[in-house]
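Peer 1: Those sequence lines, one after another, are chains A and B. At position 160 of the first sequence the residue is numbered 160 (my numbering), and the sequence of numbers has no breaks. Numbering-wise, my numbering comes out as the position in the second sequence, counting from 1, plus 1000.
Take these hints with a grain of salt, some might be off.
To give an idea of the chain B side of the interface with chain A (calculated C-beta under 8 Å), a few residues [unchecked claim]:
1. I1009
2. K1047
3. C1048
4. L1052
5. L1069
6. R1074
7. P1107
8. L1160
9. I1179
10. R1182
11. D1184
12. V1267
Just so you know, these hints were derived from the structure itself, not from any lab. We put the CB at the ideal spot given by N, CA and C, even for glycine.
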Amino acid sequence: MARKLLLEHINVPGINTYDVYRSKGGYASVEKALKTLSPEDVVEEVKKSGLRGRGGAGFPTGMKWSFLAKPEGVARYLVCNADESEPGTFKDRYLMTYIPHLLIEGMIVASYALGAKTSYIYVRGEMMPQIRILERAIAEAKNAGFLGKNILGTGYDLELYVQPGGGAYICGEETALLESLEGKRGNPRIKPPFPAIAGLYGCPTVVNNVESIAAVVPIINEGGDEYAKLGIGRSTGTKLISAGGNVKKPGVYEIDLGLPVEEFLYSDEYCGGIANGKRLKAVVAGGSSVPILPANLFLKTANNEARLMSYESLADGGFATGTMMGSGGFIAFDEDQCIVRNTWNFARFYSHESCGQCSPCREGTGWMEKVLHRLENGQGKMSDMDMLVDISKKIEGNTICPLGDAAAWPVASAIRHFRDEFEWHVTNAATAVTRNYGIGNYADPLIIAEKAG
Amino acid sequence: MFKVTIDGIPVEVEPGTSILNAARQIGGDIVPPAMCYYSKLEGSGGKCRTCLVQVSKGSEKDPRPMPKLVASCRTTVMDGMEVKNITSPEVIEARKGVVEMLLINHPLDCPVCDQAGECSLQDLGYEHGAAKTRYEFDRRKFERIDIGDKIQLHMTRCILCYRCVFTADQITDKRVHGILNRGDHSEISTYIQQAVDNDFSGNVIDVCPVGALTDKTFRFKNRVWFTKPVEAHRDCDHEKCNGKVTLWYKGEDVIRVTARKDVYGEVEEFICNTCRFDKKKTADWVIEGPRKVSNQSVISSNHYDTLKPLPVVKTNPLLQEANKEQFERETRL
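Looking at chain A on its own, in the form it has when it is part of the complex:
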């Protein structure tokens, strides 16, 4: 059984309270960092750990921290992005509900490393219970002298605030989050300038995912080098995966990066296989925004190697035959699921959540949603598939924020890999509204093209 770093004590009763958390070695990293390390040392440890942002993009956290501008006399902010709203991802909510002090501990260490005197946790507005839990935990930590003025007598001051979100998926985009935090409409800003130069209230700001900040705790406790020993290649450490869909045991699992996907999906320690003895048809590996893969391409890469749960291996093959780690929202589809319906569902989500600022995303997401709706309801045309791919290309890369890409990828990849099923929805329109396509050849062994020469 692999070692757990974040969820080690998750089953201890009362771990959500300060006393139990502290008795299990909680807040040790704060003591270590504030008393023995300089802020630069903390950044250096995080750099050494190779920790990559857990929110979706996978940008190295230590690098992000070192980009933070440090002009004299200007406040710096750390903002925790807890606006978790990606369909399929629920790891941050789990972490905040059951072990809120881990996040607060990470926030203190990270704020210290960045020299932030005020930090915010921007929690998705729908997560009211989690907001209450965090506020209670902050009060407990403050009572124990880990927040407020002169923490542990080191002269470091930190105030931590919880901000309920504005109720939109787009507020999870870091610049939209900052706008929303400032009390404005949550529209993404046009970059540059990046938040590291001009973020919250125009001051240098770092925005990190909940899990990235929580991961700072074991990194400081054990040292960056130790952390980097876990995982594989440039994917170091452990990652929380929210397993959902038609798996036997859905839930949040902490895995060592580099775990074979087959083991994750079928071993009893993790998902336990597909529910009701069915076969796997397709997988969305990292939350709704990443490209969907058919079962055969998901379990094996195009070179017939076993695919691993790591940033590199999941992305192997690029967009043609690969996908992305994303935020770790693992959704499995069994043979009875309809990919067209699912793609329409995702498209509907992005159309609903587009902020409406830039034209390709505002108009394009709605257009894709309507075409997919038509296809799903047996009114589609053969030309719709090419048109959808074309629309997705017109959106991708041409928008202000990544929501446009996130809306385009699931549609483009579904058509790339499941074109048969989409065409079947047109040729057998009457049948398509009463039953699903089934598994087709999506789980058949891959036919590997022989390499020339």
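Following the hints, put chain B in place on chain A, whose structure we already have.
Peer 2: Relative to chain A, chain B alone:
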């Protein structure tokens, strides 16, 4: 000074200039179109994506190209930057896509739209758009709303450029309207249908690139190409308005007053509502002369940029006699 090359044409500009403004210094057809950027409004731009360009060389120091197309209105130049606009097939393709997106929910009722003839979207669609639409669904529709007694908002035509929001925010004293909702159902609106009541509120009409915000004192009075624009000014007693305007004549009547717009459709100076809505007599104004209208514009079809009779009329006495009445009417000014 930074040296920038746009479509192979070098230009030297101040550091901090945007690519779009650098291109405007060169002028001509290499200037990217802009539907939302407005140089007089701080923070505008970046939204419509029609001005996307390719940066094929980042700068002299860091010659790497930029990975994605960038919005030229919001990207500042670097020394030695090389930009491709109309010479890049990717840019042309992306722009075509943006134009298509802008048009899918636009009503395309140009024959009955007051903005026709001076509509940026019409020009843009003509230059870049495909002749056919691939969109087969109902277009977005809204009811017309009056915001105040002089301005009408027809959201159906809006392309959400946010220019009027910035205008209301920056030019008028109090921001009274903004964007409600999100995605393709977002709309420009006042809070609970409040009237827009402000000395400078009329400027939202001028900044609107399409026919979403129109002047109720001019609506359906005439087609813009049948009116003749004349530069005029008056001694306006509003401290922020200098009274320099364009009067739009139909015969002897001033039927509309707008601010003076430059070649990119941007007003030179914002004008107050008194000048715009209340001063509609020639006696109110000091006439400076006919307005120069680009010969690309349909407004120029009446040749009002010249006060002299057309050459063919001038040299042919027979024609002069035959067209005496029309000749007099046209040269009355």
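Peer 1: For each hint, tell me whether it holds in the structure or not.
Peer 2: Hint by hint, here is what the structure shows:
1. At a threshold of 8 Å, the smallest CB-CB gap from I1009(B) to chain A is about 25 Å, leaving the interface hint violated.
2. Given hint, K1047(B) at the interface with chain A, holds; its Cβ is 5 Å from that chain's nearest Cβ, closer than 8 Å.
3. A distance limit of 8 Å between C-beta atoms decides the matter here; for C1048(B) the minimum to chain A is near 5 Å, and the interface restraint holds.
4. The restraint placing L1052(B) at the interface with chain A holds, with a minimum CB-CB distance near 6 Å, inside the 8 Å limit.
5. Evaluation of the L1069(B) hint against chain A yields a held restraint, the C-beta minimum of about 6 Å falling below 8 Å.
6. A cut of 8 Å between beta carbons decides the hint on R1074(B): the least distance to chain A is about 5 Å, and the hint holds.
7. A least Cβ separation of about 14 Å between P1107(B) and chain A goes past the 8 Å threshold, and the interface hint is therefore violated.
8. A least Cβ separation of about 6 Å between L1160(B) and chain A falls short of the 8 Å threshold, and the interface hint therefore holds.
9. Hint status for I1179(B) relative to chain A: holds, with the closest Cβ pair at about 7 Å, below 8 Å.
10. The criterion of a C-beta within 8 Å of any C-beta in chain A is met by R1182(B), whose closest approach is roughly 5 Å, and the hint holds.
11. Interface hint at D1184(B): satisfied, since its Cβ lies 4 Å from the closest Cβ of chain A, which is below the 8 Å cut-off.
12. Nearest Cβ of chain A to the Cβ of V1267(B): about 23 Å, over the 8 Å cut. The hint is violated.
The structure is inconsistent with the numbered hints 1, 7 and 12, although it conforms to all the rest.
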